[in-house]
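Produce the complete structure using the sequences and hints provided.
First to last, the sequence lines map onto chains A, B, C, D, E and F. Each residue of the first sequence is one higher than the one before, starting from 447 at the first, in the working numbering. Each residue of the second sequence is one higher than the one before, starting from 447 at the first, in the working numbering. Each residue of the third sequence is one higher than the one before, starting from 447 at the first, in the working numbering. Each residue of the fourth sequence is one higher than the one before, starting from 508 at the first, in the working numbering. Each residue of the fifth sequence is one higher than the one before, starting from 508 at the first, in the working numbering. Each residue of the sixth sequence is one higher than the one before, starting from 508 at the first, in the working numbering.
If you are wondering where the hints come from, they were derived from the structure by calculation, not from laboratory data. Keep in mind it's a predicted model, so treat the numbers as computed, not measured. Worth double-checking, as some hints may not be accurate.
[Said to hold, decoys possible] DSBU-like, lysine-lysine: derived pairs with alpha carbons at most 30 Å apart:
#	chain 1	residue 1	chain 2	residue 2
1	A	K657	C	K606
2	B	K606	B	K657
3	C	K594	A	K657
4	E	K606	A	K657
5	C	K657	C	K606
6	C	K657	B	K606
7	A	K606	A	K657
8	A	K597	B	K657
9	A	K594	B	K657
10	B	K657	D	K606
[Said to hold, decoys possible] To list a few chain F residues with every Cβ distance to chain D over 10 Å, as calculated:
#	residue
11	E531
12	V574
13	D589
[To be verified] To spell it out: a stretch of chain D is covered by chain E in this simulated footprint if at least three of its residues, at any positions, have a beta carbon under 8 Å from a beta carbon of chain E; those stretches are:
#	segment
14	541 to 551
15	583 to 596
Think of the CB as a built atom: it goes at the ideal place given N, C-alpha and C, for glycine as much as any other residue.
One letter stands for each residue in the lines below.
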Amino acid sequence: MDPVVWFFVLGVVAGLARSDLRVPAAIYDLLSILLLLAIGLKGGVELARQPISGLLPQIGAVLAMGFALPLLLFPVARFLVGLARADAASLAAHYGSVSVATYAVGVAYLGARNIEFDAQLPLLLVLLEVPAIIVGILLARGIDGATKWGKLLHEIFLGKSVVLLVGGLAIGWASGADGIGPLEPLFFDLFKGFLALFLLEMGLIAASQSKSLRSRGLQLILFGVLAPIPLAAIGAVIGVAIGLSIGGTTLLAILAGSASYIAAPAAMRIAVPEANPALSLTASLGVTFPFNIFVGIPLYFTLASWLHRGMG
Amino acid sequence: MDPVVWFFVLGVVAGLARSDLRVPAAIYDLLSILLLLAIGLKGGVELARQPISGLLPQIGAVLAMGFALPLLLFPVARFLVGLARADAASLAAHYGSVSVATYAVGVAYLGARNIEFDAQLPLLLVLLEVPAIIVGILLARGIDGATKWGKLLHEIFLGKSVVLLVGGLAIGWASGADGIGPLEPLFFDLFKGFLALFLLEMGLIAASQSKSLRSRGLQLILFGVLAPIPLAAIGAVIGVAIGLSIGGTTLLAILAGSASYIAAPAAMRIAVPEANPALSLTASLGVTFPFNIFVGIPLYFTLASWLHRGMG
Amino acid sequence: MDPVVWFFVLGVVAGLARSDLRVPAAIYDLLSILLLLAIGLKGGVELARQPISGLLPQIGAVLAMGFALPLLLFPVARFLVGLARADAASLAAHYGSVSVATYAVGVAYLGARNIEFDAQLPLLLVLLEVPAIIVGILLARGIDGATKWGKLLHEIFLGKSVVLLVGGLAIGWASGADGIGPLEPLFFDLFKGFLALFLLEMGLIAASQSKSLRSRGLQLILFGVLAPIPLAAIGAVIGVAIGLSIGGTTLLAILAGSASYIAAPAAMRIAVPEANPALSLTASLGVTFPFNIFVGIPLYFTLASWLHRGMG
Amino acid sequence: MHQETRKLLTIVTESALETELCDELTRLGAGGYTVTDARGRGSRGVRDAGWASSGNIRIEVICDARVADRIAAHLRDRYYSDYAMILYLSDVSVLRPEKF
Amino acid sequence: MHQETRKLLTIVTESALETELCDELTRLGAGGYTVTDARGRGSRGVRDAGWASSGNIRIEVICDARVADRIAAHLRDRYYSDYAMILYLSDVSVLRPEKF
Amino acid sequence: MHQETRKLLTIVTESALETELCDELTRLGAGGYTVTDARGRGSRGVRDAGWASSGNIRIEVICDARVADRIAAHLRDRYYSDYAMILYLSDVSVLRPEKF
Ligand SMILES: Nc1ncnc2c1ncn2[C@@H]1O[C@H](COP(=O)(O)O)[C@@H](O)[C@H]1O
Ligand SMILES: Nc1ncnc2c1ncn2[C@@H]1O[C@H](COP(=O)(O)O)[C@@H](O)[C@H]1O
Ligand SMILES: Nc1ncnc2c1ncn2[C@@H]1O[C@H](COP(=O)(O)O)[C@@H](O)[C@H]1O
Ligand code: NA
Ligand code: NA
Ligand code: NA
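Given below as structure tokens:
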């Protein structure tokens, strides 16, 4: 297992054992800023290396997936899991959107195996963050006059993760590999170390979710474990269809199979306040995130390799 | 443009667009501690390489400049800009003193062009921080009995930027290049990365100043854009006169043309409370800082090169 | 002198001069997390290189030392220093336990001299943290029914320093040198830089203890300076006896001669609230810590070398 | 010294609401407000500020009784059913009544 | 709006006691509490939050007089002699009395 | 339990004043004080604690009426005109009146 994943385990164990270990909120913020910028910068540098013509079809396909996933998830959450409308819509938004931390663990997983991935992945990551949240709000509220869309879209598009990813992409693209060179020690060389610390904190948070997990019963756990697999499969198929490499296909599957725990909760809390925030967050952070980093990522990689062999 | 400057742009854009991106205050503090120590350590190591005899005339000239600049600025602020006495004195103190962040961007600018600069620059930086603040207080209060100079001088000389710069210089000087070696990964290799993050935060802060900028009208903008140029010119001429290299001359011009936004505001708030703090800070941070990193630094470099060619 | 020690001096000077320099609490937490994990990881990687059979006798000897030292210290604190029972027990717990920061300076000291040390030292460090605290509580309270041992042992064993050291050891051991490779830039290359910042903060804290030092009089200073030497001598003799190298013997002496200022104060505050916390902390942080990094470490190294030569 | 009585309205709620609430307070006639970060427990469970969105804020507003009532009514209608929030009032003496 | 009076009990003490105190408050019948980080000076000297264990917390509990008395008595017996701690009470009006 | 009434004086002002103010409070006879970090809005605009010097502090002092008056008068004379500052008073019951 990748050592960064052990840090997650350490956090979970410390949290469940009620250790007094804490990562200060300011450090959590610093680490997420660094990871988001690093992912963006790396992507931007890669994008600058090659012509980006021919990217439009891929962008279209991925956006379409972003809008479609929550529509598939909503009926499952509403009728199979048996949630109220607002809660089902919120869960659909969380799982339709993406988790940057899961993506980062995926990047580390590929890196440890020396598997390259396509330059546009960080761009696709950004594209997948937003649509599901918009669809989720629509599912909960319908298209009534009461929703203040102006304010909401502002909130969503200018959320910190979108801003840092897009900003990093733009700076990396504008500066190129040479320009970014002096920034590499902080953003690239230390990436895995920062990810390890971040996962330690994620483990502590996931442990703190375990209490609400117990009170929610089995459905949520089942949903959190079972939903990622078909979602990731859809991501993998689309990845192959739009011509991504094995690495890229794996990452797109990871994105599709991951659930948001930053952007979606923040937006849903404001836009759909009647949805119970603990519900989606517990599933996303307490079940799906650990499932993905332990089981999902290797599985999606196998799937991507298998699909590629099938094509080749 | 240097990528670090793009981070400033990203911060400004995020701030103006009212994104929820924030850099926690603790991280701002960490970054400024790291940058100040790094500048000091680097300077100390360089100073240790060579005899420091012959530095005294340079120190004298630079100190004289530090006392003279605010005296030049005060009548301009008082009669051209039309400020009240306390406000004019405060503005003179801010612009007579220096901005370490601007200096750091200047160092990055020279580094990207492989231009060396003289070892004593960090020392001159420290020397320029304090005198203008003292003169500013004198301009505001006169030499009356009411000012508690003991407390004030303590405040000024033991302000965190002076302590860290002087401390870094001393440690670098005492330890030499070999001793500092194991500290290089943190303080030197990561310097530009930390500077990028710091400028991101500076951009957010500068954006938050834009509101007061709108309400202050044109004079402040004009002052903030026009004052740096003659100030930097004076710095450049003195730099050439005391025998600095092109790099050193550029940095002395940058120091002269930059305006303080840490030491001076803190000291003025205590010593000259009737001065409106938003006024000087808006000019310094909201106008002059961006002007210098976009326009000023290349300009001052051109000026320094030109003066050196004239001499050579 | 090692440059990291100069950072401690800078902190002390800034603190005594009442500079406004502060290291935010969140940064202090970050630095201690990084140092504890780094020490653990390093130890785990080293342990993984070699068979750990034959470690058991060493573990037994060191544990015995951990239980014995506070028993030696208690009568000294009670009758020579003249403290009340609770205060004497608390002081015994502090000095019987260990200081990770002192250990880290010791590691840096050996590193600068290219002296290797045995892989199991971080493990021995963890083993020494806990026993003295338990003995200290027993000395203060006896074995009465009122002490809630369950809660106390939980507090002690799941304190953040034990969790991070043990967690780091386990991750390093499970991942081995290759697996940890990508984490090295953060945890190993930056170690000395982080230690320097940490010592800066420790200097500020030590300076803030100086006030209570003045009011406690001479005994505490004498105890803080004189106790470490025989303690370290015991550590050195045991180190030689259990077959540690010169480096390992030096570090065991350092551990024995150092006094806890994180785990012990936290546990004592809860378990023995009638003990005056300022008393032990002042001695540990204000006297013994500086004594050890300036005088103790070189002394214990000399002692270890001398003992080894005597054996050889 | 001349003193007058005003209402001190204290609100404890989720930190996600800070921007929105502060805008509303101003619109409803408060001359100012003071915010501190907090954590706590209530009928909606523990809010321990362990990370980003899980903390509370504590807002204080000094104002006259009329504005206090207006704010309280607004918060009740808009937030009570969906957000962790408590609200309480007390009397305080202020020195510069014209400010509040 | 319907309002009722409750007690606001404020405790300032060492931050090391947070977990323990909060558990006890719940056990003694408080329906909730709010905690903020603080620093200060008192009879046990300056507590400046300069690092880990040297800070204070400020806990607020809204409850009825009976619970307030019970909590105050418990704190007095258990903590007053050994810890830096102060405690004071005031009256506040609450809007949803059933919550407290 | 025996309780007595004291004044609770709350000050919200610029964080740059912390050291100076705390020294003065002690000099003016306060037996202690409690400080928390804050942000806010008032007649001098928004103070959002976005960085170093732009935040507020909130200071609480429990003392008798005489000391409260003395502190209030001092703050009015020395700071009101030049600094962002508000100040308000209320009555609280304390358990150990000898402490305050
Ligand atoms: N009885 C109480 N006393 C003090 N603070 C409370 C009380 N009840 C709730 N709170 C605070 O108000 C927040 C929201 O309360 P609730 O809506 O009851 O969950 C909690 O997280 C606490 O910080
Ligand atoms: N008179 C006072 N007014 C406000 N806060 C106080 C007062 N006395 C003590 N405190 C606070 O209560 C804490 C503990 O007080 P003590 O037990 O007196 O040391 C101090 O650190 C202060 O934060
Ligand atoms: N009406 C108010 N209610 C609560 N806090 C206030 C009020 N007015 C001002 N403040 C606080 O006091 C600080 C200074 O106020 P001012 O001097 O009016 O700018 C503000 O930044 C707020 O934190
Ligand atoms: Na997804
Ligand atoms: Na200048
Ligand atoms: Na020891």
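Going down the list of hints, with the structure as the test:
| no. | hint | in the structure |
| --- | --- | --- |
| 1 | K657(A) / K606(C) | holds, 22 Å |
| 2 | K606(B) / K657(B) | holds, 28 Å |
| 3 | K594(C) / K657(A) | holds, 25 Å |
| 4 | K606(E) / K657(A) | holds, 23 Å |
| 5 | K657(C) / K606(C) | holds, 28 Å |
| 6 | K657(C) / K606(B) | holds, 22 Å |
| 7 | K606(A) / K657(A) | holds, 28 Å |
| 8 | K597(A) / K657(B) | holds, 20 Å |
| 9 | K594(A) / K657(B) | holds, 25 Å |
| 10 | K657(B) / K606(D) | holds, 23 Å |
| 11 | E531 | holds, 17 Å |
| 12 | V574 | holds, 14 Å |
| 13 | D589 | holds, 14 Å |
| 14 | 541 to 551 | holds (count 8) |
| 15 | 583 to 596 | holds (count 6) |
This entry satisfies every hint, going by the numbered hints stated previously.
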